[in-house]
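2 protein chains.
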Amino acid sequence: MPHQHTNSLFFVLFAFFILIMTSLYNFKTIIDLSFENSILRTNILLLNLTCNKDNNNKCLNEDPIIFVTPTSYRPEQKADLTRLGQTLGNICNLFWIIVEDAQLPSKFIDDLFNRLKIKGVHLVKQTPADKKLKFSDPRWKFPRGVEQRNSALFWIRNNLNSWKRGIVYFGDDDNTYDWRLFDEMRKINQKIGVWPVGIVGGMLVETPLLDRTLTNYTVNGFNSLWKPERPFPMDMAGFAINISLIHEHSTSLFSYKSPRGFMESRFLQSLDIKREELEPLAMHCTKVFVWHTRTQKSALMADEFQKFNMAINISSSLSTVEEDAIF
Amino acid sequence: MPHQHTNSLFFVLFAFFILIMTSLYNFKTIIDLSFENSILRTNILLLNLTCNKDNNNKCLNEDPIIFVTPTSYRPEQKADLTRLGQTLGNICNLFWIIVEDAQLPSKFIDDLFNRLKIKGVHLVKQTPADKKLKFSDPRWKFPRGVEQRNSALFWIRNNLNSWKRGIVYFGDDDNTYDWRLFDEMRKINQKIGVWPVGIVGGMLVETPLLDRTLTNYTVNGFNSLWKPERPFPMDMAGFAINISLIHEHSTSLFSYKSPRGFMESRFLQSLDIKREELEPLAMHCTKVFVWHTRTQKSALMADEFQKFNMAINISSSLSTVEEDAIF
Chain A
1 MPHQHTNSLF FVLFAFFILI MTSLYNFKTI IDLSFENSIL RTNILLLNLT
51 CNKDNNNKCL NEDPIIFVTP TSYRPEQKAD LTRLGQTLGN ICNLFWIIVE
101 DAQLPSKFID DLFNRLKIKG VHLVKQTPAD KKLKFSDPRW KFPRGVEQRN
151 SALFWIRNNL NSWKRGIVYF GDDDNTYDWR LFDEMRKINQ KIGVWPVGIV
201 GGMLVETPLL DRTLTNYTVN GFNSLWKPER PFPMDMAGFA INISLIHEHS
251 TSLFSYKSPR GFMESRFLQS LDIKREELEP LAMHCTKVFV WHTRTQKSAL
301 MADEFQKFNM AINISSSLST VEEDAIF
Chain B
1 MPHQHTNSLF FVLFAFFILI MTSLYNFKTI IDLSFENSIL RTNILLLNLT
51 CNKDNNNKCL NEDPIIFVTP TSYRPEQKAD LTRLGQTLGN ICNLFWIIVE
101 DAQLPSKFID DLFNRLKIKG VHLVKQTPAD KKLKFSDPRW KFPRGVEQRN
151 SALFWIRNNL NSWKRGIVYF GDDDNTYDWR LFDEMRKINQ KIGVWPVGIV
201 GGMLVETPLL DRTLTNYTVN GFNSLWKPER PFPMDMAGFA INISLIHEHS
251 TSLFSYKSPR GFMESRFLQS LDIKREELEP LAMHCTKVFV WHTRTQKSAL
301 MADEFQKFNM AINISSSLST VEEDAIF
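Listed in order, the protein sequences are those of chains A and B. Reminder that position 267 of the first sequence reads as 267 in my numbering, one-by-one numbering, no gaps. Reminder that position 292 of the second sequence reads as 292 in my numbering, one-by-one numbering, no gaps.
The set of hints was computed from the structure by calculation and includes no laboratory data. Worth double-checking, as some hints may not be accurate.
Calculated pairs, DSS-like style, for lysine-lysine (alpha carbon to alpha carbon, straight line, at most 27 Å) [to be verified]:
#	chain 1	residue 1	chain 2	residue 2
1	A	K287	B	K119
2	B	K287	B	K132
3	B	K191	B	K287
4	B	K297	B	K187
5	B	K287	A	K307
6	A	K287	B	K287
Please read all numbers here as calculations on a predicted model, not as lab measurements.
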């Protein structure tokens with residue numbers, strides 16, 4: 001019966017092959033990329049862009065939006081990302097780049113991508129210890145998200161260099177985004193679109209100020225009260241960038257060396273942008289579609305706070321439900 | 001030509017009739033209802049319950065969820081309600097009762113209902129001046145939302161008394177709701193469902209504690225550290241109520257007279273609920289689908305804060321874009 005044996009062997013090998021292929025398909029690739037002498041760990045989820053909304057194919061031909069979110073370990077992180085994910089899950093042709101300030105990628109973020117069927121990529125990049133805010137530090141002590149946004153830029157330049165169209169936006173995990181903001185972004189024609197941001201810089205709304213010509217509106221200033229001498233006194237939430245600009249200026253990055261409050265301005269300057277090139281959106285900057293809301297720091301009792309701090313290394317110190325609240 | 005005259009008259013009358021009917025249809029009825037010797041102003045939007053999600057008819061036969069949200073004038077109110085509305089707009093068979101602590105209903109809330117196609121009702125009920133928190137007051141000085149939640153209860157009892165099935169839930173405007181919370185609510189069988197709430201009462205998670213019998217799980221306590229002596233040491237976000245219970249106990253209300261932290265407990269006691277009747281949900285209280293997040297108070301500059309305070313009476317003191325940020 002040698003023939004039958006060959007058949008069985010073939011069957012076993014075939015089953016084994018199928019098993020291997022299936023595991024490979026489900027495997028979320030971890031790629032090491034060297035970047036500024038450190039390791040950027042990349043956890044790639046789904047790279048094929050399809051419409052997130054099953055019943056809405058209308059914007060498949062429109063520019064994809066690349067939404068970059070730096071995020072870090074804190075008691076409210078899971079809540080904030082859940083809420084943001086549920087907002088982004090409604091936007092079609094959106095690609096979400098989450099960059100965690102962490103040693104290892106959090107499983108709940110992968111689950112969020114899968115559950116909400118959001119396309120994107122989950123990266124991890126740690127802030128160097130000497131640049132990291134402590135819980136008790138004031139927010140302004142160091143600029144936050146520098147490393148993470150730069151990792152995203154690096155990733156975009158390496159992996160989306162074939163994308164001729166697309167919009168890059170830096171969106172914090174606790175801001176509030178009206179869905180209509182995404183329609184505005186897709187109107188960007190050339191380089192950079194700008195719009196008002198609610199509750200930021202001590203103001204009800206920070207906004208570009210416009211000049212009206214016979215045929216057009218152009219930005220001729222900003223209403224910022226805080227450091228109005230900045231070249232672009234704007235919050236990160238107030239502009240989005242054509243991806244071609246990111247590719248053309250292939251070395252532009254955010255920098256710790258920018259003076260306090262100048263991070264956005266220096267970055268925009270490095271993209272060779274002039275004020276008159278900014279494209280005012282949101283009905284000539286009269287509508288507010290994004291607010292710089294912040295989630296209040298949780299007032300945890302001392303024991304709970306210690307448990308939270310220890311949990312990042314030894315998650316077994318938590319009960320099942322505590323683990324589910326933060327991881 | 002008297003016949004022709006009659007025809008023209010008939011035509012004019014008919015056009016007039018159509019005009020009146022159209023206006024009536026679009027008119028958001030303002031009804032005055034006397035309640036505790038004060039006026040409850042009711043702005044009814046759409047009362048027919050249909051599925052919010054165009055492509056999702058699967059839960060039309062399931063219990064409707066009545067989501068009650070007290071809300072008040074503050075710089076972040078519009079942002080919070082926009083974000084919450086976008087979350088609720090994804091839940092089918094949901095009826096949103098917003099109760100504003102205001103003199104007049106805010107137009108942006110009506111617009112939100114219309115834009116997101118959410119079914120519900122928009123009520124206004126002012127907190128008496130002597131019970132109203134000032135901006136600088138600590139949160140615990142008075143219980144918040146008492147009048148507004150009671151107005152909602154009153155409205156439900158008067159207008160939804162024919163509803164034999166349905167779930168009533170009290171959801172703040174700045175909490176974080178995982179969509180899966182709503183699936184849990186619909187599992188309530190008899191009276192009241194309970195589940196864990198993240199980041200509340202100084203803890204990572206407050207949760208009912210369960211006893212496991214051969215066939216069942218029952219609530220035998222709570223892990224609350226703050227005032228654990230309360231009969232039901234739970235946050236408002238941690239339970240939902242079968243509408244039949246609301247109708248059966250037709251005088252149950254929230255009260256300013258409850259000692260601090262006892263508002264939920266006293267209300268549940270007034271519904272004649274025993275601990276063993278609570279139905280533990282969210283996978284035997286091991287999953288967290290709601291977090292008691294709070295939006296940080298905006299650090300507005302003095303001039304901006306004054307502008308904000310004045311705006312509630314004279315909105316013309318704001319520029320168009322400032323108005324859009326908060327109204």
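Hint-by-hint comparison with the structure:
Proximity of A/K287 to B/K119 is assessed by CA-CA distance (about 25 Å); at most 27 Å being required, the pair is judged to hold. Proximity of B/K287 to B/K132 is assessed by CA-CA distance (about 35 Å); at most 27 Å being required, the pair is judged violated. Note on B/K191 and B/K287: the hinted pairing holds, with a Cα-Cα distance of about 21 Å set against a maximum of 27 Å. For the proposed pair B/K297 and B/K187, the alpha carbon gap of about 36 Å is over 27 Å, so the pair is violated.
Between the alpha carbons of B/K287 and A/K307 the distance comes to roughly 18 Å, so the proposed pair stays at or under 27 Å and holds. For the hint pairing A/K287 with B/K287, the CA-to-CA distance comes to about 39 Å; that exceeds 27 Å, so the pair is violated.
Checked against the numbered hints above, the structure violates hints 2, 4 and 6; every other hint is satisfied.
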